[in-house]
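Novice: If you want the building blocks of each chain, they are given just below.
Protein chains: 2
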Amino acid sequence: MKFPKPTEMAHRLVGGALAEGGIAVDATAGNGHDTLFLAHRVGSAGRVYAFDVQDTALRETGRRLSWAGVAERVRLVAAGHEVMGEQIAAGDRGRVGAVMFNLGYLPGGDKTRTTEAATTLTALGAALGLLAPGGVATVVCYPGHPAGGVEAEAVVDFCRGLDQGEFRVARYGFENLVSAPPFLLAVEKRGRTSNIER
Amino acid sequence: MKFPKPTEMAHRLVGGALAEGGIAVDATAGNGHDTLFLAHRVGSAGRVYAFDVQDTALRETGRRLSWAGVAERVRLVAAGHEVMGEQIAAGDRGRVGAVMFNLGYLPGGDKTRTTEAATTLTALGAALGLLAPGGVATVVCYPGHPAGGVEAEAVVDFCRGLDQGEFRVARYGFENLVSAPPFLLAVEKRGRTSNIER
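Protein chains in written order, with my numbering: chain H, 18 to 215; chain L, 18 to 215.
Next comes chain H alone, as it looks inside the complex (with noise of 0.2 Å):
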């Protein structure tokens, strides 16, 4: 297969947003991977955020971050990403290059525990307001499962909402799958620049 996954789009999409030094947030820590590849991108002078409600997430992130040397880059927060806005150092708000949603429940552990429309919906908003200029906020649903379905449809709906002179929101995934397949919705907050560069 060579069309990227939804999950390897949001990161071709970030990539171009975050800067060495930059400072990142992982709004669904899970197993990690979100966490590791911004890690990487921001560079030992940079920071992330990572956020999960789960023990067992924070562990396997933690792990994973240490086995690749970048644990000290990155600040694990055991909350949920509903209290991004106060987690993130009063500095570090509007300055923020990337923050990534990988919705759904954590891969190999418990299938009930999954986000949710209300949380997830404020939890990216905040994300939102978190941003820098030209910052990107990237979400993967997976409308697969009843509650993901819901929680999906509230994403796209809020995005739709969002205002085109200040945000762009892309989106990306498979069309012709029986099942309902996983998509990613991107928001780029736009520059003072936006009037000039359209």
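Mixed in with the good hints, there may be bad ones.
In this list, chains with the same sequence are indistinguishable; a pair is considered to hold if it fits within one copy or across any two.
SDA-like, lysine to any residue: derived pairs with alpha carbons at most 25 Å apart [claimed, not checked]:
1) K19 x R29
2) K22 x P124
3) K19 x D109
4) K19 x R207
5) K19 x K128
6) K19 x P150
7) K128 x L145
8) K128 x R81
9) K19 x Q181
10) K19 x R188
11) K22 x L145
12) K128 x A164
13) K22 x V195
14) K19 x R177
15) K19 x S196
16) K22 x A95
17) K128 x V94
18) K128 x T139
19) K19 x L145
20) K22 x G208
21) K22 x N193
22) K22 x G182
Calculated from the structure, these hints are not laboratory results.
Use these hints to put chain L onto chain H, whose structure you have.
Specialist: Then chain L, alone, in the frame of chain H:
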């Protein structure tokens, strides 16, 4: 703006499918941007077929290719893309790495002369038959004008109906714009090993 436009995303997805020495088709030569991109990708050992019904488009494409010194790799065909099936050399059928469609009217040209749903679907069907396993067809749709809306919907329906065992369909576009923005559909022909890769 950091997120690629649908036309740029088409180049990225085609890039992964088209090797040095490959065969490619620009189904809508227009001003020649995609033709030139394809000619560069296939290199001096490859070849590109470029279709257009308008002399202005073929002249402009030819000029662009000559300036870049790649004209000898490209066969310009003064015909609509719906005859693509017959115009490609028999030995090249089933060996094409990429076919690109950029629907609508010629930029800077006569806006009443546009591609149309019926011939576009004929051409797209032919294109999928010409592809090698792993090959990619891309279609940038413009639903922002009435005829373009009808055509875009027809292309979406056609792509959604493709057998997921034979083809993979990806879609990319912007979501929160007040106008109906262009979007990309990309179709990958699956290879013999696709059952294992899945």
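Novice: Does each hint fit the structure? Answer for all of them.
Specialist: Evaluated hints:
no. : hint        : verdict
1   : K19 x R29   : both (14 Å within a copy, 11 Å between copies)
2   : K22 x P124  : within (16 Å within a copy, 32 Å between copies)
3   : K19 x D109  : between (37 Å within a copy, 22 Å between copies)
4   : K19 x R207  : between (30 Å within a copy, 9 Å between copies)
5   : K19 x K128  : neither (29 Å within a copy, 35 Å between copies)
6   : K19 x P150  : between (32 Å within a copy, 11 Å between copies)
7   : K128 x L145 : neither (28 Å within a copy, 39 Å between copies)
8   : K128 x R81  : within (22 Å within a copy, 56 Å between copies)
9   : K19 x Q181  : between (31 Å within a copy, 15 Å between copies)
10  : K19 x R188  : both (18 Å within a copy, 14 Å between copies)
11  : K22 x L145  : both (24 Å within a copy, 22 Å between copies)
12  : K128 x A164 : within (11 Å within a copy, 46 Å between copies)
13  : K22 x V195  : within (17 Å within a copy, 28 Å between copies)
14  : K19 x R177  : between (29 Å within a copy, 19 Å between copies)
15  : K19 x S196  : within (20 Å within a copy, 31 Å between copies)
16  : K22 x A95   : neither (28 Å within a copy, 38 Å between copies)
17  : K128 x V94  : within (21 Å within a copy, 56 Å between copies)
18  : K128 x T139 : within (22 Å within a copy, 45 Å between copies)
19  : K19 x L145  : between (31 Å within a copy, 16 Å between copies)
20  : K22 x G208  : between (28 Å within a copy, 17 Å between copies)
21  : K22 x N193  : both (14 Å within a copy, 22 Å between copies)
22  : K22 x G182  : between (29 Å within a copy, 17 Å between copies)
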